[in-house]
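S.K.: First to last, the sequence lines map onto chains A and B. Under this note's numbering, the first sequence has 174 at position 174, and the numbering climbs by one with no breaks. In this note's numbering, each residue's number is its place in the second sequence (first place is 1) plus 1000.
You may find that some hints are simply not true.
Listed below are the simulated EDC-like cross-link pairs for lysine to aspartate or glutamate, each with C-alpha atoms no more than 20 Å apart in a straight line [what the hints assert, rightly or not]: (1) A:50 to A:95; (2) B:1064 to A:125; (3) A:98 to A:125; (4) A:120 to A:149; (5) A:120 to B:1169; (6) A:215 to A:108; (7) A:86 to B:1169; (8) B:1064 to A:51; (9) A:163 to A:141; (10) A:219 to A:125; (11) A:98 to A:212; (12) A:215 to B:1169; (13) B:1135 to B:1093.
None of these hints come from the bench; they were simulated from the model.
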Amino acid sequence: MYIRRHIRIGRIVSRGLRLFLLIFLCLLCFGCGGGSEQADPTNDTATSIKEIEKRLALSGHVYLIFDFNQMEVSIKLFGAAVRDCKFECDSAALDEWKSSLVSKPIIEDSVISFHLSSAKAMVGERELAIVAEVSQVSREEIQRFMPEEMVLYFGQGRRILIKTDAEGTPVSRLANLGNWFRESADAVLGRADIELRMSGPDAMALYGVVREVPKIIIKP
Amino acid sequence: MKNAVYIAIAAVLLLLMITLGTYQFKGDYSSGLTLSSELVPEGGTLSLNEPSDSVVPPDFLKMKPIQPRQPYIVIDCYCNKLYLRTADSVLLEADCSTGSGAGLYDTVSGRNWQFHTPKGVFTVHTKLPNPWWRKPDWAFVEEGIPIPRVESERLDNNMMGDYAIGFGDGYFIHGTIYERLLGIAVTHGCVRLSADKLRELYHRIGIGTRIYVY
């Protein structure tokens, strides 16, 4: 009688343990499901954008955000938008550009170099002569250019060509020739590039900023 | 039978603890996202060492790097443009003149001056109607005339226009008698505006308005 009772209790305990293990495993699976929800890449991207931007903002230097979804370049300083430059680009070229950047959802980079192919001089010759004489500053430093065409170079050979409606003239034919060789080499190596069209004043503001070699964020 | 019930209750309690633990983790995660949406957490201050290579003055160190909700002034030193704007729209756009970048050397005293408009983030410190300019030493050195010993000989009530908006360290947004040169970098570091744009700006901003210079 005593032994039978113990056997029955043993079976009940065994069933209870099985039930416990089953429920535990089920909830563990649900728990894992919840975990994968947190690892949503959209959240990760948003977090990394905030983190990178926080760091760039705290530097106190101007930085750029190229947003290919909103089709704008935002010039920012200390977390505030100081200028938004809207642009247009060919959708097929945009798709190709995006596919070349698939390795990362967001790219932190910097403008390594730039080339101003042709531009419109904004300060008239007469004013230039007067100001240069009075201030003892060279004409080149006083002059301002509105780009008709310029190229920005980033890391890993990425390149963005910017065009505007400004009626410009070649800034330096020799430098343009050098840039043509560079572009040809990039084309052979199959490096990523895209052409953007924006307003002259926006491109001028962007040109003023890239001369300071800013950090950038690219949102493909 | 009783044992089975106890085991089941224990199991449920254990599972509840595990589940709650998971939700606690989720809570931490989401609050992390909330924090990162503000660029500096509430009450956060910036270390003095952080922007060591920065061109910004001490004003910057007391501020948070966020998008201002109130209108703010933007000065583009390359384009020589001034804007009053919010995050979404431009409220005022004007040609201005910023620092020429020229240098001046006084052979008598051996002093040097560089006439740049400082870049970085500032706030409006003062708003002055009918300002008088107290000419600094460099103004006399530049003209090649002796620096006066009498203070009244330094005062000029004509050069700064109808209003002056100070943003610290002797830098002002003010008017000019050389409106023809607006759009060209010709100043000694101050920012010049036309009379009508200056009047409009003066009446639309207050003390503490942020100024972003780049």
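S.K.: Run through the hints listed earlier and report the numbers of any the structure violates, in increasing order.
M.R.: 1, 2, 3, 5, 7, 9, 10, 11, 12, 13
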